[in-house]
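Visitor: Just so you know, the protein sequences line up as chains A, B, C, D, E and F, in that order.
Anchor point for the first sequence: position 60 equals 60 in the working numbering, and the numbering is continuous, going up by one each time.
Anchor point for the second sequence: position 146 equals 146 in the working numbering, and the numbering is continuous, going up by one each time.
Anchor point for the third sequence: position 153 equals 153 in the working numbering, and the numbering is continuous, going up by one each time.
Anchor point for the fourth sequence: position 76 equals 76 in the working numbering, and the numbering is continuous, going up by one each time.
Anchor point for the fifth sequence: position 87 equals 87 in the working numbering, and the numbering is continuous, going up by one each time.
Anchor point for the sixth sequence: position 130 equals 130 in the working numbering, and the numbering is continuous, going up by one each time.
Calculated directly from the structure, the hints in this document are not laboratory data.
Take the hints with a grain of salt, since some may be wrong.
If chains are identical, the list can't say which one is meant, so a pair holds when it fits in one copy or spans any two.
Each computed DSSO-like pair below joins lysine-lysine, with the alpha-carbon atoms no more than 30 Å apart [as the list claims (entries may be wrong)]:
| hint | residue 1 | residue 2 |
| --- | --- | --- |
| 1 | Lys3 | Lys43 |
| 2 | Lys2 | Lys42 |
| 3 | Lys53 | Lys148 |
| 4 | Lys68 | Lys43 |
Values in this document were obtained by computation on a predicted structure and should not be read as measured data.
6 protein chains.
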Amino acid sequence: MKKIAIFPGSFDPFTVGHASVVHRAIPLFDKIIIGIGQNTNKKGFYDIQKRKKWIEAVFAKSPTVEVKIFEGLTVDYCKKVDARFILRGLRTSADFEYERAIGQVNNALYSDVETVFLLTRPEHTAISSSIVREVARHGGDANQFVPKEMDLTI
Amino acid sequence: MKKIAIFPGSFDPFTVGHASVVHRAIPLFDKIIIGIGQNTNKKGFYDIQKRKKWIEAVFAKSPTVEVKIFEGLTVDYCKKVDARFILRGLRTSADFEYERAIGQVNNALYSDVETVFLLTRPEHTAISSSIVREVARHGGDANQFVPKEMDLTI
Amino acid sequence: MKKIAIFPGSFDPFTVGHASVVHRAIPLFDKIIIGIGQNTNKKGFYDIQKRKKWIEAVFAKSPTVEVKIFEGLTVDYCKKVDARFILRGLRTSADFEYERAIGQVNNALYSDVETVFLLTRPEHTAISSSIVREVARHGGDANQFVPKEMDLTI
Amino acid sequence: MKKIAIFPGSFDPFTVGHASVVHRAIPLFDKIIIGIGQNTNKKGFYDIQKRKKWIEAVFAKSPTVEVKIFEGLTVDYCKKVDARFILRGLRTSADFEYERAIGQVNNALYSDVETVFLLTRPEHTAISSSIVREVARHGGDANQFVPKEMDLTI
Amino acid sequence: MKKIAIFPGSFDPFTVGHASVVHRAIPLFDKIIIGIGQNTNKKGFYDIQKRKKWIEAVFAKSPTVEVKIFEGLTVDYCKKVDARFILRGLRTSADFEYERAIGQVNNALYSDVETVFLLTRPEHTAISSSIVREVARHGGDANQFVPKEMDLTI
Amino acid sequence: MKKIAIFPGSFDPFTVGHASVVHRAIPLFDKIIIGIGQNTNKKGFYDIQKRKKWIEAVFAKSPTVEVKIFEGLTVDYCKKVDARFILRGLRTSADFEYERAIGQVNNALYSDVETVFLLTRPEHTAISSSIVREVARHGGDANQFVPKEMDLTI
Chain A
1 MKKIAIFPGS FDPFTVGHAS VVHRAIPLFD KIIIGIGQNT NKKGFYDIQK RKKWIEAVFA
61 KSPTVEVKIF EGLTVDYCKK VDARFILRGL RTSADFEYER AIGQVNNALY SDVETVFLLT
121 RPEHTAISSS IVREVARHGG DANQFVPKEM DLTI
Chain B
1 MKKIAIFPGS FDPFTVGHAS VVHRAIPLFD KIIIGIGQNT NKKGFYDIQK RKKWIEAVFA
61 KSPTVEVKIF EGLTVDYCKK VDARFILRGL RTSADFEYER AIGQVNNALY SDVETVFLLT
121 RPEHTAISSS IVREVARHGG DANQFVPKEM DLTI
Chain C
1 MKKIAIFPGS FDPFTVGHAS VVHRAIPLFD KIIIGIGQNT NKKGFYDIQK RKKWIEAVFA
61 KSPTVEVKIF EGLTVDYCKK VDARFILRGL RTSADFEYER AIGQVNNALY SDVETVFLLT
121 RPEHTAISSS IVREVARHGG DANQFVPKEM DLTI
Chain D
1 MKKIAIFPGS FDPFTVGHAS VVHRAIPLFD KIIIGIGQNT NKKGFYDIQK RKKWIEAVFA
61 KSPTVEVKIF EGLTVDYCKK VDARFILRGL RTSADFEYER AIGQVNNALY SDVETVFLLT
121 RPEHTAISSS IVREVARHGG DANQFVPKEM DLTI
Chain E
1 MKKIAIFPGS FDPFTVGHAS VVHRAIPLFD KIIIGIGQNT NKKGFYDIQK RKKWIEAVFA
61 KSPTVEVKIF EGLTVDYCKK VDARFILRGL RTSADFEYER AIGQVNNALY SDVETVFLLT
121 RPEHTAISSS IVREVARHGG DANQFVPKEM DLTI
Chain F
1 MKKIAIFPGS FDPFTVGHAS VVHRAIPLFD KIIIGIGQNT NKKGFYDIQK RKKWIEAVFA
61 KSPTVEVKIF EGLTVDYCKK VDARFILRGL RTSADFEYER AIGQVNNALY SDVETVFLLT
121 RPEHTAISSS IVREVARHGG DANQFVPKEM DLTI
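All chains should be modelled from the sequences, with the hints used to inform the complete structure.
Guide: In structure tokens form, the structure reads like this:
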């Protein structure tokens, strides 16, 4: 059976921390689907199609990485695409408590799915999408926090 | 003097974790009032009267448990119903830091009130009202996270 | 059935934080047994009989508080003295994680026992037996951290 | 070179905890600018000019403390007023994780700026602007949580 | 290239929590080496050969799991057996902070190695080798905390 | 009055993280005394005179930094050398809880002393003296974790 993992998130925007987690997870899985969760009630800061194009550019040379937009529960999307693994990065202990709750509830909803965690690199620990948006909103240099294939100022 | 405790919350919805805390606290108190806090500025996800009926069904056979809706500060409601104890469940260390701040401020506002904590059971640690709402909103099986006397799909 | 609680610890020494937790718990229980755990492999900093006398002095006017020395698992001592509750104070989130593990294991070993937590008062949050020993060992004024009925310099 | 620090926040309202941090930091710096961050998209609970007047009253006798309103990123304001230090108080470990992320991002944006932390006093650990607003909103006695020069009921 | 993971620990003793992590990781790796770290300065509570036999019994039917005793740094053992992954379970946020430090230092020492984390199951969160030893030392029923193939009373 | 800070620790050994904190604190204080705490009951891993020489080499070009060995409580040493500030680095939230307790107790023992915290740099967050000793003990390359003026292999 192929080892398929979902890397779910809103990625508003995708950061160097996200990119690092996916790149390091490539050897672990046959396929990684970066799943951009769409929330019909909440418009993002960056357009969801733009977010998708940005992430595709980052992984243009990684044949086992796909980028998709999905709606609904992550576990339902896992079933749909036959993924048995959810991939997540861990930055801080606050992250951990949140991820543990989500991971345990996902496991209760779909017992065949397992969440696999990698650490973020030390130099990326402080970087979150919300901080990047805050910097960008006030005209700061936010490009240093996203992969070089992306340009937030356009 | 009778030992009266308030178990305050929005209970939107009441979960198996909440139910477990109250059931285990019954031997400690002469009366437990489950106080559903009403926020006039924020409508809940589930109707507040429905929440009250659900909780009453869960404790139909527990004569020392009452369910009430209240507005305003929890300590003011404690004074009104002569409760000297506030009952809370603890799930995670993030919970703890939040509860400690609330407990200390409540004690500053009304020095006769003491907050009493029980642990949630390990299998309930991940379950919060907000996660249950998220699952329900996306059509997942949320009933496994609430007491069997409740049916979120109706 | 009488509500009996054990407040277990090594109390080497008993601190103002410990005293505050027990005093505030008195209204909750018919009897509180302060159980000084004896570890045959590890001699304490203060003599265990001295620790017992100190705590007895602190609660000389509290008829429902007893002080005992016990060996072995806390849950086994609970069974022996018919206690259904273990009382503990919570200071910090590090405390909480440790206490949660102990509480859940105790519950697995003896399902009739429930751990009840009170918060330490803000001004006692920093005070632990190990810090008091450290201050005393170096000749600092450690008496400010213990109840006035105790004198660590004797 | 003069040692100038910014103490940034929304101070909605300023609390005894904030006041204590600034008073204790006065000996460390030649000048402390209390910077009230203005968010054009979000009106505060208390009027921003009122917040400024309140804080000025608290530090009326402290010649090295100034109160200013600023917009945009804190680091950009630091550059503008030639401040090399950001002053922050730390209450809890949840605070710490948040502050560490902000501090590291600020340092990435402006490498000449250093964040300096003081602890809040134990009796102020539970007090945050959001808890004070919540108490005030429900008619509780919120004045005990703010400096005596302020009166939230006016 | 084969995906080889080390699951390092002292396993004094191996618990149901450890077993669960390894069983769930089997689909991720071509080979998992459970590496019992030997500390020449510190004798364990259970004999290291007994620990090895116990773990071998637990995984008797899992052909991709091996059990080895090793000395020295985990990363040096990784190089020796050509393992690019270190497998670890995460129970609590205290665990997480410790594991993050170890993981980042391991990565600094050997940049080709990546630490992969799985969550412990909620019912195993409280179980650690040190708590199991403590229960066993006092004659409590510690067998409920270890895999059924093991018997701590022998 | 001169601003004198103590940076206390066992520094067994001094790390790049320690060095970074002191270097960044130099602009804040008129004098920084790096105080190596001597514990007469516990011999360190590295000789205390060697530790002192190493640190002196690191700050050979920093005229306001002194290195001293002291015994007893840090606050007593502060009084002796007329220091009103204790300088500490913060790495993780576990660090923070420990430092907060020590800081509050120090303040209770000597109300004129204030603890000032700087963040460790992200790339140093994982590095502690105990991890460095562990790496050195097993023959790993520990020199990458200490300032270039030090050589742990000699």
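Visitor: Decide, hint by hint, whether the structure agrees.
Guide: Okay, the hints, checked on the actual structure:
no. : hint           : result
1   : Lys3 - Lys43   : neither (32 Å within a copy, 41 Å between copies)
2   : Lys2 - Lys42   : neither (34 Å within a copy, 44 Å between copies)
3   : Lys53 - Lys148 : within (14 Å within a copy, 44 Å between copies)
4   : Lys68 - Lys43  : within (17 Å within a copy, 34 Å between copies)
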